[in-house]
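Start from the sequences, fold in the hints, and give me the full structure.
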Amino acid sequence: MLYIIDILGTIAFAISGALVAFDKRMDVFGIFIIAFVTSVGGGTLRDLLIGHTPVGWMNDLTYTYVIIASTIFAISFRSKLNYLRTSLLLFDAIGIGLYTLIGLEKGVELHLHPILCIALGTMTACFGGVIRDILCNEIPVVFRRETIYATCCIMGGMAYFALGALPIDQNIVFLASGAIIIATRLLAVRFKIALPNIYRD
Amino acid sequence: MLYIIDILGTIAFAISGALVAFDKRMDVFGIFIIAFVTSVGGGTLRDLLIGHTPVGWMNDLTYTYVIIASTIFAISFRSKLNYLRTSLLLFDAIGIGLYTLIGLEKGVELHLHPILCIALGTMTACFGGVIRDILCNEIPVVFRRETIYATCCIMGGMAYFALGALPIDQNIVFLASGAIIIATRLLAVRFKIALPNIYRD
Amino acid sequence: MLYIIDILGTIAFAISGALVAFDKRMDVFGIFIIAFVTSVGGGTLRDLLIGHTPVGWMNDLTYTYVIIASTIFAISFRSKLNYLRTSLLLFDAIGIGLYTLIGLEKGVELHLHPILCIALGTMTACFGGVIRDILCNEIPVVFRRETIYATCCIMGGMAYFALGALPIDQNIVFLASGAIIIATRLLAVRFKIALPNIYRD
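Protein chains in written order, with the UniProt record's numbering: chain L, 1 to 201; chain V, 1 to 201; chain A, 1 to 201.
Since the hints were derived computationally from the structure, they do not count as laboratory data.
Incorrect hints may appear among the rest.
Since copy identity is lost for identical chains, a pair holds within one copy or between any two.
[As the list claims (entries may be wrong)] Simulated crosslink set (SDA-like; lysine to any residue; CA at most 25 Å straight-line):
(1) K106 - A159
(2) K192 - V28
(3) K106 - A176
(4) K24 - I198
(5) K192 - A179
(6) K24 - I154
(7) K106 - A162
(8) K106 - I50
(9) K192 - L84
(10) K106 - G51
(11) K192 - I75
(12) K106 - F29
(13) K24 - P196
(14) K80 - Y199
(15) K106 - L175
(16) K24 - T147
Here you go:
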């Protein structure tokens, strides 16, 4: 079940990467690399920082195959991807929910402080997109004020530790904090919720 | 004492990062991340290259707290930060002096060649700013010809090994080479000293 | 012999990096850093991902000296480098051939799947240029549709495993797949061979 969600998230991230690469008019190789780093870049950075090498995607080729298939799919049907926009948004929200918790639990395994665990989770969910934007020569979208993204991951991570301190089954903690990330993200997109504007104009 | 200097350097780097992020009109999350990578990015890259994981800032949360506080401070008082420009420049110079020596001594511990030790020191001091500029979609300022920055670190590193070969107490070697970095940096800013211009126009 | 080829590749990559840095009007320090990452960036990323630390260039200072010498050479004779363009292209083709196979064989040593080995080889050959372009604030040229570059590495890598499955001496496999990379790259430049255009206009 978790594995299926993970694959859905990988597909959503890969397609989002491919779409950005299209806009930059990259060639097929470039599109694949951008799809790849968008999907696995956050987890790779996390693994590097905590010293888990060879990094994650080298231990299970399924991700590589899924990303190759997603890239081919995106290239073939790119003119029709607009119809899928809502599905993709949903997959993406599910993806960041799961990626955050996967990253966070890696930190828990290493007995790191909750703040660092939440940082690792947020990094896993958000830094694939950051690397994608750097390679595409853009200021990372997650740093700009449009709708909250990283904030959802951070809130979900805090919920994970808050709920974990209560006498609740660990699986329920996992599901509930994942649901918080997904729900806040979808609500943020629906109602255009952003961080407070600190600029005057 | 060293620890206090280290914290002052962290504050100066965090505020310099936050200021660049302001100019790019990032949101609060983006400003914090830029402040964070400016402060700890150089040391993180160094730790990755030599295989010291989990990387530095994961072993002492003080840096994270200081950077959060510096970011909040910078956001709150950004219109008044101009008055602090001289203090910030001083902290920054002290920061690169100390960061260079910390990075250099990590190399010495690993019995690396002096050239590599100096490279690690310079990386520790300068690459936080490089990563900041990449994330902000700018050519890194340290590679451009305005005033010398990395050169001060390299000179201080060379002084460290030159003085270390003399029969001088190691603490004095440390202080003297740190002072060289700070002094050359401040003089370079004051007198606009740059590397020789290799371009004709 | 291999070592000499490796050094020739390092020189070609360093000079190509220095030339890009010139165009961005960087100072001497910036030019050296760009030359350095162009040469060793791909191998460094590979070593980080598989956990080989300290990374490659820290174990043999020859590369650093060669890159320093190449940078000085490029700065001194930059107005005459046009005459060398053909030699540089040849060195570069030889370089990516060898770098691909070096990276690929690192994967084989770790008993990684051939797909991952080819990925490591391609990364070794191509990602120095990617990091160079990121630092110079450009979309990486290897992702854009002009002539094939990474594709040559991937084809050579596939040839390595295809030939390796036949009863052929391993040295011949190495030479033949290296020759395929070099030949396809030179032919691609000569005849402007690119990946199929997926854009309509």
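Now for the hints, and whether the structure bears them out:
1. In this assembly of identical chains, K106 and A159 lie within 25 Å of each other by CA distance solely inside one copy; the values are 17 Å within and 38 Å between copies.
2. Taking identical chains as interchangeable, the C-alpha atoms of K192 and V28 lie at most 25 Å apart only when they sit on different chains, with a minimum of 16 Å there against 33 Å within one chain.
3. For a Cα distance limit of 25 Å, the shortest separation of K106 from A176 inside one copy, 18 Å, qualifies, whereas the shortest one across copies, 43 Å, does not.
4. In this assembly of identical chains, K24 and I198 lie within 25 Å of each other by CA distance solely across copies; the values are 12 Å between and 31 Å within a copy.
5. In the homo-oligomer, the alpha carbons of K192 and A179 lie at most 25 Å apart inside one protomer (19 Å), although the nearest pairing across protomers, at 51 Å, exceeds that limit.
6. In this homomeric assembly, K24 and I154 come within 25 Å of each other (Cα to Cα) only across copies, at 23 Å, whereas the closest approach inside a single copy is 31 Å.
7. In this assembly of identical chains, K106 and A162 lie within 25 Å of each other by CA distance solely inside one copy; the values are 18 Å within and 38 Å between copies.
8. Within a single copy, K106 and I50 get their C-alpha atoms as close as 9 Å, and across copies as close as 18 Å, so both meet the 25 Å cut-off.
9. In this assembly of identical chains, the alpha carbons of K192 and L84 lie at most 25 Å apart only when taken from the same copy (20 Å versus 37 Å across copies).
10. When the C-alpha separation of K106 and G51 is checked against a cutoff of 25 Å, the pair qualifies both within a copy, at 11 Å, and between copies, at 18 Å.
11. For the homomeric pair K192 and I75, the shortest alpha-carbon distance between copies (23 Å) is at most 25 Å, but the shortest distance inside one copy (29 Å) is not.
12. Taking identical chains as interchangeable, the C-alpha atoms of K106 and F29 lie at most 25 Å apart only when they sit on different chains, with a minimum of 23 Å there against 31 Å within one chain.
13. Taking the shortest Cα distances, K24 and P196 sit within 25 Å of each other only across copies (16 Å), while inside one copy they are farther apart (31 Å).
14. In this homomeric assembly, K80 and Y199 come within 25 Å of each other (Cα to Cα) only across copies, at 15 Å, whereas the closest approach inside a single copy is 38 Å.
15. In this assembly of identical chains, the alpha carbons of K106 and L175 lie at most 25 Å apart only when taken from the same copy (17 Å versus 40 Å across copies).
16. Taking identical chains as interchangeable, the C-alpha atoms of K24 and T147 lie at most 25 Å apart whether they share a chain (23 Å) or sit on different chains (17 Å).
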